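4 protein chains.
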Amino acid sequence: MARVLDAAEVAKHNTPESCWVILYGKVYDVTEFISSHPGGVKVILRLAGTDATEEYDPIHPPGTLEENLKPEALLGTVDPETLPKPDKQQSSPEEEEQGPPPMETLFNLDEIEQVATKQVSRKAWGYYYSAADDLISKNFNREIYRSILLRPRVFIDVGKCDLSTTILGHRVGLPIYISPAAMARLAHPAGEAGIAAACRGFGAMQMISNNASMSPEQIVENAAPDQVFGWQLYVQMERKKSEAMLARVEKLKAIKCVILTLDAPVPGKREDDMRTDNIGKKLPVSSAKVAEKEVETLPDGTPVPTDGGGGVGKQLFAGTAYDLTWKETLTWLTKVTKLPIILKGLQTHEDAYIASLYAPQVKGIILSNHGGRALDTAPPAVHTLLEIRKYCPEVFDKIEVLVDGGIRRGTDVVKALCLGARAVGIGRPALWGLGAGGIAGVERTLEILADETKTCMQLLGVEKISDLGPEYINSRIVEQQIYDGPSGLEKARAKL
Amino acid sequence: MARVLDAAEVAKHNTPESCWVILYGKVYDVTEFISSHPGGVKVILRLAGTDATEEYDPIHPPGTLEENLKPEALLGTVDPETLPKPDKQQSSPEEEEQGPPPMETLFNLDEIEQVATKQVSRKAWGYYYSAADDLISKNFNREIYRSILLRPRVFIDVGKCDLSTTILGHRVGLPIYISPAAMARLAHPAGEAGIAAACRGFGAMQMISNNASMSPEQIVENAAPDQVFGWQLYVQMERKKSEAMLARVEKLKAIKCVILTLDAPVPGKREDDMRTDNIGKKLPVSSAKVAEKEVETLPDGTPVPTDGGGGVGKQLFAGTAYDLTWKETLTWLTKVTKLPIILKGLQTHEDAYIASLYAPQVKGIILSNHGGRALDTAPPAVHTLLEIRKYCPEVFDKIEVLVDGGIRRGTDVVKALCLGARAVGIGRPALWGLGAGGIAGVERTLEILADETKTCMQLLGVEKISDLGPEYINSRIVEQQIYDGPSGLEKARAKL
Amino acid sequence: MARVLDAAEVAKHNTPESCWVILYGKVYDVTEFISSHPGGVKVILRLAGTDATEEYDPIHPPGTLEENLKPEALLGTVDPETLPKPDKQQSSPEEEEQGPPPMETLFNLDEIEQVATKQVSRKAWGYYYSAADDLISKNFNREIYRSILLRPRVFIDVGKCDLSTTILGHRVGLPIYISPAAMARLAHPAGEAGIAAACRGFGAMQMISNNASMSPEQIVENAAPDQVFGWQLYVQMERKKSEAMLARVEKLKAIKCVILTLDAPVPGKREDDMRTDNIGKKLPVSSAKVAEKEVETLPDGTPVPTDGGGGVGKQLFAGTAYDLTWKETLTWLTKVTKLPIILKGLQTHEDAYIASLYAPQVKGIILSNHGGRALDTAPPAVHTLLEIRKYCPEVFDKIEVLVDGGIRRGTDVVKALCLGARAVGIGRPALWGLGAGGIAGVERTLEILADETKTCMQLLGVEKISDLGPEYINSRIVEQQIYDGPSGLEKARAKL
Amino acid sequence: MARVLDAAEVAKHNTPESCWVILYGKVYDVTEFISSHPGGVKVILRLAGTDATEEYDPIHPPGTLEENLKPEALLGTVDPETLPKPDKQQSSPEEEEQGPPPMETLFNLDEIEQVATKQVSRKAWGYYYSAADDLISKNFNREIYRSILLRPRVFIDVGKCDLSTTILGHRVGLPIYISPAAMARLAHPAGEAGIAAACRGFGAMQMISNNASMSPEQIVENAAPDQVFGWQLYVQMERKKSEAMLARVEKLKAIKCVILTLDAPVPGKREDDMRTDNIGKKLPVSSAKVAEKEVETLPDGTPVPTDGGGGVGKQLFAGTAYDLTWKETLTWLTKVTKLPIILKGLQTHEDAYIASLYAPQVKGIILSNHGGRALDTAPPAVHTLLEIRKYCPEVFDKIEVLVDGGIRRGTDVVKALCLGARAVGIGRPALWGLGAGGIAGVERTLEILADETKTCMQLLGVEKISDLGPEYINSRIVEQQIYDGPSGLEKARAKL
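Just so you know, the sequences run in chain order D, E, B and U.
Per UniProt numbering, the first sequence starts with residue 1, numbered consecutively.
Per UniProt numbering, the second sequence starts with residue 1, numbered consecutively.
Per UniProt numbering, the third sequence starts with residue 1, numbered consecutively.
Per UniProt numbering, the fourth sequence starts with residue 1, numbered consecutively.
The following block holds chain D by itself, in its conformation from the complex:
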C-alpha cells in the first residue's frame, strides 16, 4: 500500500484483462470487479488506465469502493507529478471567475435554471434537463398549469396566511417537498446534504433518491430535530441488496417513509442525456463497429442502446427490478420494513384506486410521470388528479395524494392543491437551484416558491392550505382533455 506508481505504468492496464484505475490519488485493480459493475462494463473500460476521479466522484456515495472491492485491489498511490495536466474545458477564464449572480437578483425559477445551465457541466445538464423522446410530457407537465385559471375572491381579511400542512401526519412548513432526484453532486459539491440544509430553514420535506450521490447518513446528518425525510426505493433484482438498504435507512430516525418508485421499470429514452457520451468524441467507424458488438441488455433483451453509453440515466438503472407486482412486492416490502409506504409514479385512476385498497400499509401515492423522463406523452399529474375526481374520488379519503412534475410557480402549487393534492414535489428546480448557487440557490428556489404560493393564496382570499378547493380554480379546458373512456375499475377489482 505504500507503493507509489507512475501514471504511465497505470496507463498500460487499460484492457478487460488487466484494468486499473486511479481514484482520489490511489490506484485500484478493478479487473475482477468490472463484470459486476452496476453501471456496465464499458463505462469503466473507457476510463481504464487513467485518473477516473472526476467522473467517479459525483455519482458514487462514500463507502462504495470499500463495499465493492477487496482490500488487495488497492495497489498503492499514484505519483501526482506523473499525471497529465487537466485542461479547462467549455468555459473561458473570465466566465470562470465571474461566477453566478447573487441569488437574490433572480426572481423566478426559470432564471435560476438559466444560471445553472451556465454553471454546471454538460453532463450534469444533460442528465437533469433531459426527458423522454421529444419532451412532450415534460413540457406538457408545465403548460397544463397555465391552462387552469384561478378564481380570486374579494373582501377577505388576508392578514394571516399559513403555508404549513402535514404529510403522512408529519408537520411541514410548506406544501412543497423535494422529489427524489438523483445525483445532486453533479450540480454542486454540496450535493443532497446541501439540499437538506436548504430545506431546514423552510421545514420542507425532502425525499432522498435511491441514487443519491451521498449516503443517507450524510444527507440527514445535520437535519433539524423535526426535519422530515423520505427515502426512495428502486427495488433491485437482487432483493437482498434492497433489504440491506432498507435496514440501514430505518435506523435514521429522520426518515419517515419509503417511496417505492413504479414509473420506470425500464429506463426511458433521454436523448439529451445519451448525447453526453457523443460530445467531443469522434468515433472512427471501426471502433463504432466494435462498440456495436458489446450490446448490453437486460435478461429479456430490453434495449440498452448500442451507442457507447446511454447517459447517466442508463448507468444508474442497472440492476433495477422490472418484475414488481402489487401483491408480491407489497407483501415483501411490508415484511422487510416498518416504514410507511408511498407509491410513486401512478398515472391512471385505476392504479390510484388499487393503491387505495392497500391502505393502511400504503399511506400515500405520488401521481407522477417521472418528470416526463420515462414515457413520452404519458399524462401529467393534473390529468390523473382530474381522472380520480371523476371516476373514484373516494381515493382522496383513503390515502394521501401527492403530485410532481412541471411545478414552477406558486400558482401551480395552489392549483394542484385545489384539485386535491396534499403537497407537490419539485425535482429539477431543486437541482437547478443547487447548480446555480449551492445551498443558497436551493434556498432561493424554496423562498421564491413559498413567497409566490403565499401571494397566490392571499390574492385568492384563502388563509389555510386546508381551505383550498376546486371552487378556487377553473379547470374546464383540462377537463375537456382527460380520459373519457370506460373505466378499468371493475377489471381492477376483479383481479384482486
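Check the hints yourself; a few may be wrong.
The list treats identical chains as one, so a pair stands whether inside a single copy or across any two.
[To be verified] PhoX-like cross-link-like pairs, simulated, lysine-lysine; straight-line CA separation at most 20 Å:
id	residue 1	residue 2
1	K123	K491
2	K42	K327
3	K335	K241
4	K464	K495
5	K491	K464
6	K256	K338
7	K26	K85
8	K338	K327
Rather than coming from a laboratory, the hints here were simulated on the basis of the structure.
For clarity, every value in this text was computed on a predicted model and none was experimentally measured.
Chain D is fixed; fit chains E, B and U onto it per the hints.
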C-alpha cells in the same frame, strides 16, 4: 433657511443616523422621517446625501413634503454650482432631438405604446408594462377579445351613430373611461392633469388613482363643468388617513364616486418592475448580503422580496389595508363618505352577486384582474361577464357593471358592451399615450378608440350604445372555457 | 387651347385659390372643381401645380375629366422639356431589368403574391394587401379552410371531371369568379380589361368593381360572346349618379347582374393602406397641425382620419351611401334596373334568410366579410354557410349562395362548394396575378386554381360540381366555433 | 455493334426527329420510342444527345431497356474520352469526404432524416420530402400522434416483452412494415434490395413499390426463408401490362400479397418535387413559351402542369389507371392473381366497410392518405381508425387493418395498435435511413423504432402486441375532431 449648502457637505449625511436629501434645490434633514416613510427605508437611504428630485418628483403629489416634515427639517438651499452634472442616459443626442413622431401619424394603440416605450424612462416602462409572473393574464386579457367574432347586420341606415352613454347616471361622451392607473408623471410632466385635459374634449370619465402623482385638486382644476371623475380608494391600514382623504375628495364636485379597489390586498409579483432596481447596478456579494438583512415585511410576514427594491409597485403598496371584509368595510365606508361606491376587482360571479345585494349603496362594480398585475392566471373580465350571464344575470339589473383589461381596439369596446358592460376602462393605453405625446398623445389614444368604436357600430348596423346586445357577437369559443363548476351562490347567500 | 405652358408657370398655381394640374401633357385649371372632388380636397392640393398623371391615371376610368370639367378648364399643353425628370424609385436597375420570372415557374397563389409584391408600387401593395385593424378576419378567412378536412372516396372512375357550372343560370367554365376588386390598373396597365382577357379562356365570370380603373365599356369590349360579367354597385348618396350608371351598364349585354355591396356602409380601417401616405413624407409638426384642421367627415361625422390621407380605400369611398335599407333600397333598385340582383356582404344567417324572402328580385347573395377589409373579427363566409345550414337551410333552395374571402387552393374551392356555395370569388389573387404578370399572371392564377380544383375533385372521387356535398368534408372543428345563440329569425320575420 | 461513336456525334441527335442517348456507355437511338415513354416525351428530349445514365439509372429497374427497345436501337458504344467531364455539384470536397456520421450516433428518426437530407441529391430530396400543396396532411399525420396520450399501468412484471405479431397470418418480428415507397436507388445504390437486407434481421415485412427502382426478383433475391414481402400494384390503363407483372410476381414465393393502391388515381401536387426541375434552370421566356405548348394531359385533360416537368412523381404516374371501381376491378384482379389482396389508401369508414364486404378476397386494408402526397387536408389514418371504431367496428373482425403516415416514434406505433391497427407502415423513414447510411441506415431506423416500441410497451405494462387496446390511450382530443356527420353506410350498402 437662508443658509446655502455645498453639495459636498450634503453628501456626508448619507446614513440612517444623519440623512439629508436635496429636493427642488432645497436641503432637508429626513433622519427622523425615514422610519415612517410609506415607501420604505431603503429607497430613501439609497438617495441619502444626493439630489433626489428626479426620483421624488414624478411620484409624489404636491404638499407631500409639507404634510410629512416638520418645518425645522428644511435646512437651507443647495448651491447649484456644486451639484454634479447629470449625464444623459440611454439615448443618443439625435434621438433626443428627434422626439416622437406627430401623433396623427400613429394609427393604433400598439404604435402609441411603441413610441412611448422609446420616450419614457426604464423605470416608467417597467412600472407600466409589468404584470404578474409570466404575464399570462395580461396577454389573455387582450387575446380573449380576438377570439370573439362580430355579427354585422346589413341594410341598416348608419348615418347616425351616437357613442354617448351614462355611467352612474352621469352623461359621458364615450363608453370608455380612464382606469385609475398610478404615477402618470413618470410618463410625462403633464401627469394626471394632462389626462384630464385630454378627456375634456371627449366627455370621457376619468378615475383618479389613489396613488396619483398629482393631487386630486390639481387634476380636476381645469375640468369642464360637466366633466366626470371618480376617485379610487385603497383603504389604508390607518383608516384615519383614508377618512381624511375621502373628506378632502368629497369637496371636489367633479368627483362623482369612490372606486374601492379589492383585487390587490397584497402586491402582485411584477418582475419587469422589480428588475428596474437591478438595472445598471452591480451589487458586490457583500452588499447583497446586507440588503438581505433589511427584509421588509407586512405585519404577518407577507413577502416583500429581499432584492433591494421591488419596483415602483411595491413602494406604492406600503400601508394598504389587507383586512377588508364585506360588511365591516362597507359599513365603515358608507359612514365616512356620501359618494356612491363602485367596487373594483371582482373576478367571480359569486362576488358580483354579493355586491349586487349591497345596492343601492354599491352602485357599480368593475370586473378587473388589475390589468394582470395582481394574480397571474386570474380570469379576464370577459370570463366574469359570461359567468354572470350564466349564473346570475339579474346582477346587470341591480348594479352597473364596468370592465377593464386588454381593451386596445374599438371592436374590443363593442364586444364588452354587447356582453353587458356599461363602459370599459383603459389604463396602460392612457399612460402610453401620455408617454408618447403628453396631452396630445392621450387625445390621440381616445380619438383612435372612439373612431374605431364608431366604425364598428356602424358596420354592425347599430346606432346607439343601448342597442348593443349579445346577438351582435359570437362568443362561443369563450363560452367553452368559462367556469362550469358548482356555483358558490348558495354559500354566499348563507354567509350574509 | 393651342397655348403651350411652362411647367414653372403651372407650378405657381398650387393653392385652393388657383389650382392647376398637368394630366397627359395638358394643363387644367381645377380650382372650381376641387371642392366637389369625390376623393377629397387634399389629395388634389397635394398635387397642385405638378404633373399628376402618374397618380391620376391608374384610378380614373377614361371620360372622367370630360364628365367633370367644363371645356374652358383646359388651359393648354405643357412644354414637356420644362418638366422635371422623374427618378426611379424603390428598385435598383438590375431588378428593373430582370422583371418577374416566367409565370409557369410559379406553382401556387402565394408565390404569385410574392412576385407581385416585388413588382407593384408601395401604394398598390398597400391598397391590395391591407385589411381592417389587425388583419384577424383576413387571416382567419384563409385559415378556416385549412381546419376543414376532406373525405376522399376510392374505387371511383375519375376519368371524367367537369368544372363547369352555372351562376344565375349562365353557364360558366369554373365555379370560381373574379370578385369586384377595385383599381386593377394600380397593379398593371392591362387593368380590368386584362382580367377579362384572362377570364375569357376559362369561361370564368368577372364581377366589375364600381370603382374599376377602367370603364365598363372598355372592360367588356373584347369579351367572348358567352362571357359572363356582373357589375358591382355602391349606391351613391346622390342616387341619380347610380341610376345613370345603371342605365349605362344595362346597355352592355355581357353584364348579367348587379351586385349590390352591403358590407361597407362606412370605410374599414386599413392601416397598411393609410400608411401609404406617410411613406417618405416627413411632416414638420406645424404642417401636421394644419392637416389636423382639414378634417374630412361624412355628414354625421363618421371618422375619416385626420392623417393627411387615409389611403386609396378612403378616397374611393367618398360619396357612398350609408343609408340603405331592405325595403326602400330594393324597391328603388328594382325600379331603376331590370338586371337580376345579387346582394354582397351578408354575414349572418338572419340576413341571408331575409334576402331569400326578396326572391325572385334578389337572385343571389354573396357571403363575404369584404376580404377582412371592413370590420375586423367579422366572421368568414364559412361560418355564415354553416350558420345557414344550421338555422335556415331552406335559403339554399330559394337563392344562389356565393362566397368569397380566403380562397387560395383548389381544396378551398371544393370545401366551400361542399357546404352549399354555388361558386367562390377571388379578389386579391386576381390582382396579384395581374401585378405579377399582367394577363398571363391572371391566366396562371386561374389555371392553378382550376387544376387544383380538378385534382381535388378527382381525388375525392367526384365527377361533377353538382355532386359535391357535405359528406365529402369533415367540418367538425368549425362547427364547434359557429354562433350558437338564439336566432334572430323570428325578429327578422316580425320586422318585415 | 462494335461501332465506337464520338460524344460530339451523339450530341447532334437531340431532336424528336433523331434522338440518341448514351446509357451505361452505349449509344441508343430512341427516336421511335420517345412517344410511348411512360415518363413523357419531354424528359427524354431534355437529355437527347447526352449521357443520360445518371438520370436514368436510379429510377429504372434492370431489363427496362431490353423490354422496350428493339435490338437495332443499340447503335454502338461511346468513346469515353470524348465525354465532357462531370462537375461536382452542391457539395464541397470536405463534405464529400466526411460522409455521414456513424449510424449508432443517431438517436431518432428526425436525426436520420437530417443526415439523409445532406447526403442525397436535390432531386431525391424533392421526391421524398414533398407532399401535396401546403403539407398540411403530411404534418398532421405526425402531429396527431402527439395529441394522443398514453395511460401507463404500474406494478406489472415487464421482464418479457414480445414485438412479434402476424400480418395476413404470416409471422413477422415487428408490427412495423416498410410501405411501398418508390425509387429507393435515388437515395442510395443499395436500393430496395438494401431495404430488404435490413428487414431480414428484424423479421420486418416489406411492401415493394410498383415503381421500385429494382426488379422484384432482385429485391427478394437474398431474402431469408421466412422473410415476408408484399407487392404493390398500380393498375395500368393497359391492363395486360399489370397482368404480366402479376404473373411475374406470383412466381416469387417470398411475395405473399398484392397491395392495390387506391388513393392516387391522379397525381397529387407535390411542389417540392416539381421545383426540382426549376433548380439551376434559367428558362428564357421564349423556351418557356414552347414548353407551354407541349402540355401533357390524360385522356380527359387531367392537369399535368405545364411547367417543364412535374418532378419525379408526375413521371412515375404516367399510364396509371384512373378508372378503377369496386366490382369490376376486384373481379378482374381475383381472376388474374391468386395472391391475397390488400387495399391501400382508404380514408373513410364507408370505404373501410365496403372493403370488409369483399372479404375473404380482400384480406386487409391500409388506412393511408399516401403520406400526405395525394390530397392535402385528407384525414390522417388515426381519424379513419376512430371513424371505424365509431361507425362500424365490426370491420376489425372481418379484415386486417393496417395504417401508415406520420409514424416516427415507438409511441406512435403503440398508439395506432391500441386503436385497432394490426401493423403500421413507414415509407419516408426507410428511404431517409437508406439515404443516410445505406443498409446500416435502414437497420438503424428499424432498430430505433423497435427499441422505442418495446420501451413503450414495457412502460405501459404490456407484454404482447395482442394485449394492446384502447384502455392504454387517451385519444379524447382527436375524438373531438373526427367526422360527426351522417354515415354513408346505408348508401354504400344500397349501391352494392
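Exercise. With identical chains treated as interchangeable, where does the CA-CA distance between K42 and K327 reach 20 Å or less: within a copy, between copies, both, or neither?
Worked result: neither (37 Å within a copy, 62 Å between copies)
Could you figure out if K256 and K338 sit no more than 20 Å apart (CA to CA) within one copy, between two copies, both or neither? within (10 Å within a copy, 61 Å between copies)
Go through the copies and call it for K491 and K464: within, between, both or neither, with a Cα cutoff of 20 Å.
-> Classified as between: cross-chain Cα gap 19 Å, same-chain 39 Å, threshold 20 Å.
* Identical-chain pair category, K338 with K327, by Cα at 20 Å -> Within. Shortest intra-copy distance 17 Å satisfies the 20 Å Cα cut-off; inter-copy 53 Å does not.
K123 and K491: within-copy, between-copy, both or neither at 20 Å Cα: Neither way: K123 and K491 sit 44 Å apart in one copy and 55 Å across, limit 20 Å.
> At most 20 Å between C-alpha atoms: does K335 with K241 qualify within a copy, between copies, both, or neither?
Replying inline: So K335 and K241 pass the 20 Å test inside one copy only (15 Å; across, 68 Å).
| message | Please sort K26 with K85 into within, between, both or neither, judging by C-alpha distance up to 20 Å. | response | The answer is within: 17 Å in one copy meets 20 Å, while 64 Å across copies does not.
Could you figure out if K464 and K495 sit no more than 20 Å apart (CA to CA) within one copy, between two copies, both or neither? between (40 Å within a copy, 19 Å between copies)
Consistency note: the structure conflicts with the earlier hints numbered 1 and 2.
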